[in-house]
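> Chains as they are written, first to last, in my numbering: chain A, 1106 to 1499; chain B, 1106 to 1499.
There may be inaccurate statements among the hints.
Because identical chains share one entry, a pair is satisfied inside a single copy or across any pair of copies.
Unchecked claim - In silico BS3-like links for lysine-lysine, alpha-carbon gap of 25 Å or less:
| # | residue 1 | residue 2 |
| --- | --- | --- |
| 1 | Lys1455 | Lys1274 |
| 2 | Lys1157 | Lys1455 |
| 3 | Lys1171 | Lys1157 |
| 4 | Lys1270 | Lys1109 |
| 5 | Lys1166 | Lys1331 |
| 6 | Lys1129 | Lys1171 |
| 7 | Lys1340 | Lys1270 |
| 8 | Lys1109 | Lys1309 |
| 9 | Lys1202 | Lys1129 |
| 10 | Lys1340 | Lys1109 |
| 11 | Lys1306 | Lys1109 |
| 12 | Lys1340 | Lys1301 |
| 13 | Lys1298 | Lys1416 |
Since the hints were made in silico from the structure, they are not lab data.
2 protein chains.
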Amino acid sequence: MIAKRMLKYVEGSSVTRAMFEEGKRLASLYGAENVFDFSLGNPSVEPPLAVKEHIIKILNKLPPNKIHGYMNNAGHEEVREAVAMSLNQKFETNFDKMNIIMTVGAAGGLNVILKTILDAGDEVIAFAPYFGEYNNYVANYDGIMVAISPNIPSFQPNLEEFASKITEKTKAVIVNTPNNPTGVVYSEETIIKMAKILEEKQNKFGTAIYLISDEPYRELAYDGVKVPYLTKYYKNTIVGYSYSKSLSLPGERIGYLVIPREADDFENLVNAATIATRILGFVNAPSLQQLAVAECLNETTDITTYDTNRKLLYQKLTTLGFECAKPEGAFYMWVKTPNQDDNAFVAKAKEFNLLFVPGSAFMCPGYVRIAYCVDQTMLKRSFASFEKLAEAMA
Amino acid sequence: MIAKRMLKYVEGSSVTRAMFEEGKRLASLYGAENVFDFSLGNPSVEPPLAVKEHIIKILNKLPPNKIHGYMNNAGHEEVREAVAMSLNQKFETNFDKMNIIMTVGAAGGLNVILKTILDAGDEVIAFAPYFGEYNNYVANYDGIMVAISPNIPSFQPNLEEFASKITEKTKAVIVNTPNNPTGVVYSEETIIKMAKILEEKQNKFGTAIYLISDEPYRELAYDGVKVPYLTKYYKNTIVGYSYSKSLSLPGERIGYLVIPREADDFENLVNAATIATRILGFVNAPSLQQLAVAECLNETTDITTYDTNRKLLYQKLTTLGFECAKPEGAFYMWVKTPNQDDNAFVAKAKEFNLLFVPGSAFMCPGYVRIAYCVDQTMLKRSFASFEKLAEAMA
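So that you can see chain A by itself, here it is in the shape it has in the complex (with noise of 0.2 Å):
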């Protein structure tokens, strides 16, 4: 009796329940502590203890109904102000509290700007691999997903696949660097050309095509790499930002959205989003944690360890043979499978005790992703299993 569209969820999820209670029985008959889960991307770092401090300063400082109180859907102003500010000062932008919306997250934030742009059949493109909840955000508004190929091995989107399919349909790419699952950094050159053949097509089509960036890992760069800010490369860009890995507070659904007043029909995408994030049932993003991220706005976890077990892990992967790019940012490992059968891949890495993700589930078979967002003396403890999975795919 529940609704016929949502059975095929249903279906498809007890999949993913049933590898979650494969590991739950694999820790009974082996110990927790035996079995190496890489298949989630919870935040093993700690917040900031700057988090903590403030949300006691807040409740001890603020009037309780203005801690926890309505607000603006668009969120606290004095916040959206704050974050706006922070944003001019990183990137030379020249935002104010009226281009940010607060978020329940960058999936809240991801919904609202799609129920906020799109009509039933209007296209949005993605790059494969990505991150497959999209198709699912995309369909909640009746849109059509179009993926591109993925581009093998740079993992760089695509752009003259790109360019083949946009068309006058087309509203909205989502682009997603640092990349889940691959890891990878558009650079700056990508992103000139992707801006140009947008501009290109707005032009032909007549239309307003939205590029929005999915950005919850933009902090979790290594080796120095630049991540470029879009709104500065082409106007109609909206970016959707989370906490959720930055200050590690991912249960905590907190994040924003960024509107350009540059971007066309601004006024009314402020307005819509604003109306969308209340008649979604967001309503405001959560209000203790809108006035303790606002408190944190220069603070980081801290990345060195992931950066740590991005570099243990490579070196593992690479010495035992495996194929993989080494990430520049977020923390996925891209791995190619030995054949091409990604989840058989991955039910003969279960053998070991070793739970990664099939590749088709981001759209992309043939390789696996491997979260190293985990315990470091975890990481170790599992090189033994990595070099059995190794011979045993010899």
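Fit chain B to the supplied structure of chain A, relying on the hints for placement.
Same frame as chain A, now just chain B:
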């Protein structure tokens, strides 16, 4: 370039925004203390001190990644179990954690359950006057809202019309008791009759009709009135609860859904609602607030303030000759306008710096909603304006 279907919302909301701006304009002209805003359901009573104490205790006691990390999309298991046990104790129900899904407030919960059950064209019934956002929530999932005419002057649901409007396409009925905007509590007699009608219609059509009970005002009941717990009267009841009013935490977006085991298609309902939580972009209810409310299950804000306001305002309004029923719950007074034009009455009230919401916003013209969740000294100061309004309408 926003979605065509969002345009009507933007146009509609400019009226609300105009009212909000008007309030600010009045405040700047006459001083904020001389503008009497009765338009918002934002609790004036502070949260119980236990909320603050438990948040600080949690921050000092639990590991940060447990406090702020991801958990099951349905919420922390121990929180769901604690909520279930608390309900069992209060209402002699028989729930466990499998029956509870933590949500981003009641608005989030309603969206989740509607996404779970509605296919395009499915009908949802509500009893006028009702919270206008229900229209938007149902439209989000391509459902069709069917309004039952108001039952004047009791504002108990009109059960004859209800029975006549149930069809084979009826997928859900939304009730809200204590009611926004009338303050009416549905009697046990009403609930029993309603359940009987629903069961007959389910048998007749061979369908499942879910009774969605939106209960943010459950604890706000006066004069010892009984608020029946609906799962005990009809097995296909789904409860949407929020801590927004009971703990004065509206900005924190924390609540839950109850899906009883007896409900038709129980397992699919729970699985699909958990998935809907994820794919709609909520992902999960804010983590720290989940942990906090689990420690405050026996707390409520001090409703005696609302009760005093209720009595003061009721006495004043009736003395002045206004027609209204004494509300038994929530924090709203539902007042008949001297002539049928509620918008004109709202405009007239504004001349005396009184801000109300017209009944039209609740699908019931000819009435206004006066929210008395306000500071008591403000309420008393406003009485002179009520007198002038009564005079002007005479």
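> If a hint holds in the structure, say so; if it doesn't, say that too.
To see whether the hints hold, each was checked on the structure:
In this assembly of identical chains, the alpha carbons of lysine 1455 and lysine 1274 never lie at most 25 Å apart, being 43 Å within a copy and 46 Å across copies at closest. Proximity of lysine 1157 to lysine 1455 under the C-alpha cut-off of 25 Å is found in neither arrangement, the shortest distances being 37 Å within a copy and 44 Å between copies. In this homomeric assembly, lysine 1171 and lysine 1157 come within 25 Å of each other (Cα to Cα) both inside a single copy, at 19 Å, and across copies, at 13 Å. For a Cα distance limit of 25 Å, the shortest separation of lysine 1270 from lysine 1109 across copies, 23 Å, qualifies, whereas the shortest one inside one copy, 31 Å, does not.
For the homomeric pair lysine 1166 and lysine 1331, neither the shortest alpha-carbon distance inside one copy (39 Å) nor that between copies (38 Å) is at most 25 Å. Within a single copy, lysine 1129 and lysine 1171 get their C-alpha atoms only as close as 42 Å, which misses the 25 Å cut-off; across copies the closest is 18 Å, which meets it. With identical chains, the CA atoms of lysine 1340 and lysine 1270 are at most 25 Å apart within one copy only, with a shortest distance of 21 Å there and 50 Å across copies. Proximity of lysine 1109 and lysine 1309 under a CA criterion of 25 Å is satisfied inter-copy only: 22 Å between copies versus 39 Å inside one chain copy.
Taking the shortest alpha-carbon separations for lysine 1202 and lysine 1129, only the inter-copy value of 18 Å comes in at or below 25 Å, while the best intra-copy value is 46 Å. Taking the shortest alpha-carbon separations for lysine 1340 and lysine 1109, only the inter-copy value of 22 Å comes in at or below 25 Å, while the best intra-copy value is 40 Å. With identical chains, the CA atoms of lysine 1306 and lysine 1109 are at most 25 Å apart between copies only, with a shortest distance of 21 Å across copies and 37 Å within one. In the homo-oligomer, the alpha carbons of lysine 1340 and lysine 1301 lie at most 25 Å apart inside one protomer (11 Å), although the nearest pairing across protomers, at 59 Å, exceeds that limit.
Taking the shortest alpha-carbon separations for lysine 1298 and lysine 1416, neither the intra-copy value of 31 Å nor the inter-copy value of 68 Å comes in at or below 25 Å.
Of the numbered hints given earlier, the model fails hints 1, 2, 5, 13; all others are met.
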